[in-house]
Amino acid sequence: MAINRRDFFKLAAAGTTTLAVGSAAADDIPPTDCSEYYGVLVDTVVCIGCRKCELACDQEHTKSGRRPESFDDKSVFDRHRRPDKDAFTVLNRFEDPDNPSKKYTMKVQCMHCNEPACVSACIVGALRKTSTGPVVYDAWKCIGCRYCMVACPFQIPAYEYDNALDPRVRKCTFCFERITEDHELPACVAICPNEALTFGTRQQLLDIAHYRIKSNPGVYVDHVYGETEAGGTSWLYLAPVDFKHTELPVLKADVIPSLTETIQHGIFKSFLPPIALYGLLGLVMHATRERDAAPSDAEVPHE
Amino acid sequence: MNNHERPHPIHTRFFTRGTIVLTVLAALGALAYVYRLIAGLQATTNLNDQYPWGIWIAIDVATGVALAAGGFTTAALADIFHKERYHVIVRPALLTAMLGYTFVVIGLLADLGRYYNVWHPMLPSMWQGDSVLFEVGICVMIYLTVLYIEFLPIVAERFKGQVNLPGPLRHLNGLIESFLSVADRTLGRFISVFIIAGVVLSCLHQSSLGTLMLIAPTKIHPLWYTSISPLLFLLSAIAVGFPMVIFESLLASKSFKLKPETPVLSSLARYVPVLLGVYLAIKLVDLTNRDAWPYLWEGSVQSVMWMIEIGGGIVLPIILLLQEKVRRSVTGLLTAATLVIVLGVALNRINVFLVAYTPLYPTGPYFPSVFEIMVTVGLISALVLVYRFLVMHLPIIAGEKVPTYTLPIEVRRTPSNLEQVQ
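Chains as they are written, first to last, in the numbering used here: chain A, 1 to 303; chain B, 1 to 422.
Some hints could be false.
A short, non-exhaustive set of chain A residues, derived as facing chain B with CB atoms under 8 Å [said to hold, decoys possible]:
hint, residue
1, Val124
2, Lys141
3, Ala151
4, Leu259
The list that follows gives simulated cross-link-like pairs (lysine to any residue, SDA-like), each with its CA atoms no further than 20 Å apart [to be verified]:
hint, chain 1, residue 1, chain 2, residue 2
5, B, Lys219, B, Gln50
6, B, Lys219, A, Ser258
7, A, Lys252, B, Ser227
8, A, Lys85, B, Ala43
9, A, Lys85, B, Gly364
10, B, Lys219, A, Val255
11, A, Lys252, B, Tyr361
12, A, Lys85, B, Asn48
13, B, Lys219, A, Ala253
14, B, Lys219, A, Glu247
15, A, Lys252, B, Tyr225
16, A, Lys244, B, Pro359
17, A, Lys252, B, Lys219
18, A, Lys244, B, Tyr361
19, A, Lys244, B, Leu360
20, A, Lys85, B, Tyr361
Since the hints were derived computationally from the structure, they do not count as laboratory data. Don't be surprised by glycine CBs; every beta carbon is placed ideally from N, CA and C.
Can you make the complete structure from the sequences, with help from the hints?
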């Protein structure tokens, strides 16, 4: 990228309250080394589909009012579900296309991308990539434009359309406060009875994932989903089948917002292009002024 | 220019059969709008987690901004390139842009979940320089201000020295009077600063609108997903600017029974096939560069819509407007040709924001709800009504009443003769 976020803020803030913006921006700069971000490894081979993670998340965040027993109901696997405003995470069940009797379940939630498209899209910085990895949301700033939902390559952010006056964007928070302030595990990881979910830094998890693939020949496909997808994600997945048979989208390693940010920062590089255009038009206006001097036109002011 | 061609308020009845229909539509739209603000998005729209954006973004905002482009293209032609003959259409185009953007903002407010926070992007502490939407928002906000400043001299011209508010408002008379007089004296000197700023700001946000959907590479159909989308949006906005001005001018002449500005409009129409042609050429070269032609034959809704957009909205009007007969036929063909372009660019915006957008986990297609349609139709109707009202009370249009009998062209064009006739 031609110009980084910090520089843009400095430019944009020139002449205004530079200090406040500068410090706020500096605080948000992610570490250059994504390997130190917190992450979770989801091992779909180990997952038994007990839905305890859904229960824990409901109690921690959405408090939807569903009875705890309702999370024991396995018939929900008969249909495909997506996270929504009342459920930041859901499990779906898939079949191995080569062996339909072999089924496995897969947890879905916000992937907490290294380079989140939602954060890049957000007009007011209501979505923010924290320095430890979680992507968090501040409803107080949000104007409700829902551009984050357009941008997300995993189609995760949900919206409280039914809330007339105070609607919020809803998605997994990675239990941000639990893990950074209380130094606890995310609620779903803490409750998982089969250790299908492993919490750690991204680098630790990648090491574990590749070790599991190598030491269990034939069990896993040789692919850690999230290692490179969309520039890498904090949540990583292991699966027994090719990921194209799961609901995780096939994504290249390209960072999703790189094109828009390159265009955007190209147009605004040191504000040179707009200033140059202004100057050029000014010159044209001046150069063609002679024709303007015709006496019949002088009486009408130009608007 | 002579006195007869100076802009002046148009004296006519406000209510006709057409405006009564528009008033009803605007009133229904207003009801739907208020209901939306109170009852929320779920109760009034078909938007969902799959389709976060609907027609309020695609039509009210994206199309509205494109169709208001006549403001900056006309200002560039007449005031920056000093093509004097086009001054007669600068004021109507400026009014269109000012109202267009005002209604874009009103339409946007309906779509925003937290509309009361719409001012947040103005706070430096919430500036988000990576966001294309931030750039669009800030540019539109500043440009709207510039448009109001550019419009101020017209208000001053009409009311300076005769501000006479009734009742308790009369205490404001002195204040408004001095404001208008200061504006009139100072703005004239600095107006070129704002005119150029308006053109620059327009170029910035018109193109940035084309960048918006590029953040969703896996959701946008390859026929429209291209890194030169900002350039295409800018070029199509420039191409639709004059047709929109021509179409409106012809419509206004008909509605107010004024003599259409035939020579000016026909001459302006000459630019249009060139601008559209450049846009089409770049679009086709881009399609070739990206090896995207095969998507045209896939028989999907998207491929059909692309062909309608290009064939109907670009190729057809180019062919029409290349013929002098069409350019000079004011009553029918020119109106039709410019309307086709306007609809073509509207279709392009709808295609980019709605048709090209495919959710990853679709549960069903999006189709706007009755309330969404009512609000959109209501906003368009209200815009036309406000336009009519302002044209009736401010010096915008420089038209002469159509004589009830026909005179030879040369005679009619001579003001002294016209005075005798009147």
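Consistency of the hints with the structure:
Checking Val124 (chain A) against chain B by beta carbon gives a least distance of about 4 Å; that is within 8 Å, so the hint holds. Below 8 Å, beta-carbon pairs count as interface contacts, and Lys141 (chain A) has one with chain B at about 6 Å; its hint therefore holds. Contact between Ala151 (chain A) and chain B, as hinted, is supported at the beta carbon level, the nearest pair being about 4 Å apart and thus within 8 Å. This hint holds: Leu259 (chain A) has a C-beta 5 Å from the nearest C-beta of chain B, less than the 8 Å allowed.
A threshold of 20 Å between alpha carbons decides the hint, and for Lys219 (chain B) with Gln50 (chain B) the separation of about 11 Å falls inside it, so the pair holds. For the suggested pair Lys219 (chain B) and Ser258 (chain A), the alpha carbons sit about 16 Å apart, so the restraint of at most 20 Å is met. With a C-alpha separation of about 17 Å, the suggested pair Lys252 (chain A) and Ser227 (chain B) falls inside the 20 Å cut-off, and the hint holds. A hinted pair counts as satisfied when its Cα atoms are at most 20 Å apart, and Lys85 (chain A) with Ala43 (chain B) qualifies at roughly 16 Å.
Using a Cα cut-off of 20 Å, the hinted pair Lys85 (chain A) and Gly364 (chain B) holds, with the two alpha carbons roughly 19 Å apart. For the hint linking Lys219 (chain B) to Val255 (chain A), the alpha-carbon distance of about 15 Å falls within 20 Å, and the restraint holds. With a CA separation close to 18 Å, the supplied pair Lys252 (chain A) and Tyr361 (chain B) stays within the 20 Å bound. A hinted pair counts as satisfied when its Cα atoms are at most 20 Å apart, and Lys85 (chain A) with Asn48 (chain B) qualifies at roughly 11 Å.
A C-alpha spacing of about 16 Å is found between Lys219 (chain B) and Ala253 (chain A), which places the hinted pair at or below 20 Å, so the restraint holds. For the suggested pair Lys219 (chain B) and Glu247 (chain A), the alpha carbons sit about 15 Å apart, so the restraint of at most 20 Å is met. Taken as a hint, the Lys252 (chain A) and Tyr225 (chain B) pair is honoured in the structure, with Cα atoms around 16 Å apart against an allowance of 20 Å. A distance of roughly 17 Å separates the Cα atoms of Lys244 (chain A) and Pro359 (chain B); the hinted pair therefore holds under the 20 Å criterion.
Taking the CA atoms of Lys252 (chain A) and Lys219 (chain B), the gap is about 14 Å. The hint holds against a cut of 20 Å. Using a Cα cut-off of 20 Å, the hinted pair Lys244 (chain A) and Tyr361 (chain B) holds, with the two alpha carbons roughly 14 Å apart. For the suggested pair Lys244 (chain A) and Leu360 (chain B), the alpha carbons sit about 13 Å apart, so the restraint of at most 20 Å is met. Distance restraint check for Lys85 (chain A) and Tyr361 (chain B): the Cα-Cα separation of roughly 16 Å lies within the 20 Å cut-off, and the hinted pair is therefore satisfied.
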